[in-house]
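Build out the structure end to end from the sequences listed, making use of the hints.
Plus 334 on top of the position in the sequence shown (first one is 1) and you've got the working numbering.
Warning: the hint list may mix true and false statements.
Said to hold, decoys possible - EDC-like cross-link-like pairs, simulated, lysine to aspartate or glutamate; straight-line CA separation at most 20 Å: (1) K436 to E489; (2) K410 to E598; (3) K593 to D530; (4) K550 to E489; (5) K436 to E388; (6) K631 to E465.
Think of the hints as simulated: they come from the structure by calculation, not from any bench. These figures come from a predicted structure and were not determined experimentally.
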Amino acid sequence: MKILITGATGLIGTQLTKYCLEGGIHVNYLTTSKNKIEDLPNYKGFYWNPETGEIDVNAFTNVIAIVNLVGATISKKWTKNYKKTILESRTQTANLLFNTLKDIDHTILHFISASGVSIYPSDTSKLYTEENTEVSRSFLGEVVLAWEAAADQFETLGMRVAKIRTGVVFAKEEGAFQKIKDPIEKGMGAPLASGDQWISWIHLQDIAGIYIHVLKNGLEGVYNAVAPNPVTNKNLTFKIASALGKNIWLPNVPAWVLKLVLGERASLVLESQMVSCKKIETTGYKFMFVNVNYAIKKLT
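And the structure:
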């Protein structure tokens, strides 16, 4: 089996590539950096530039599935221009793949796209499933809506399309968990706002595992990629502090302070999405990290 991955050198892409190669799946990947192109028997890079519409069509040779992970980070300052980058890095890239494939012969049967749980409106009491049709009116809600629409167009090419609505990814190397852990480790941690906002998290190994599961089983449709047990911001803060042997002595950081410092980007820590993973579990996926306590233990 050979697949094509976009965003293969990112956090999730790196872990997914590792699992693929360990499992005998050959990987082609697209990169905008020519110095990142490798040419190994089971791991080959190809150049593309979504801004100019350039793409090496040899990347599609003998490929049966595309895993589309590319997207600019949402952790940088949200200027007007950078918000445009966040959106276009997800939609423009998918459009380039689509417009290229519709005009050439290829062997691709499956398009698996990253997505996000930020499509769901912020709510501290509602449990969201994939059946929910209400869309958040936030910036990220609009981004995810456009992202999924860009993926859906591949159905017109006769492909199965899967959209993986990803929660907050916890990893040891980088990402959200480290940003939460660092101030706690320095004795400066505190819950944010009320602390009641839900974090639907997932361990890096599980999000990569879900992509492999969706790929191998030919799944299509929308799937929430979150661990079975979400956690509130307050509980997570205290659990991490306990694991590190630290005390939480500072008061909660007021929402207005977060908005003053982060601007619109404060929504990343203020919004609440409690999301169900039952649908992916019913397809047979078994989570490696079910409980946040176990994840914290492995990540600290």
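These are the hints, each one checked on the structure:
{"no.": "1", "hint": "K436 to E489", "verdict": "11 Å, holds"}
{"no.": "2", "hint": "K410 to E598", "verdict": "11 Å, holds"}
{"no.": "3", "hint": "K593 to D530", "verdict": "17 Å, holds"}
{"no.": "4", "hint": "K550 to E489", "verdict": "19 Å, holds"}
{"no.": "5", "hint": "K436 to E388", "verdict": "15 Å, holds"}
{"no.": "6", "hint": "K631 to E465", "verdict": "33 Å, violated"}
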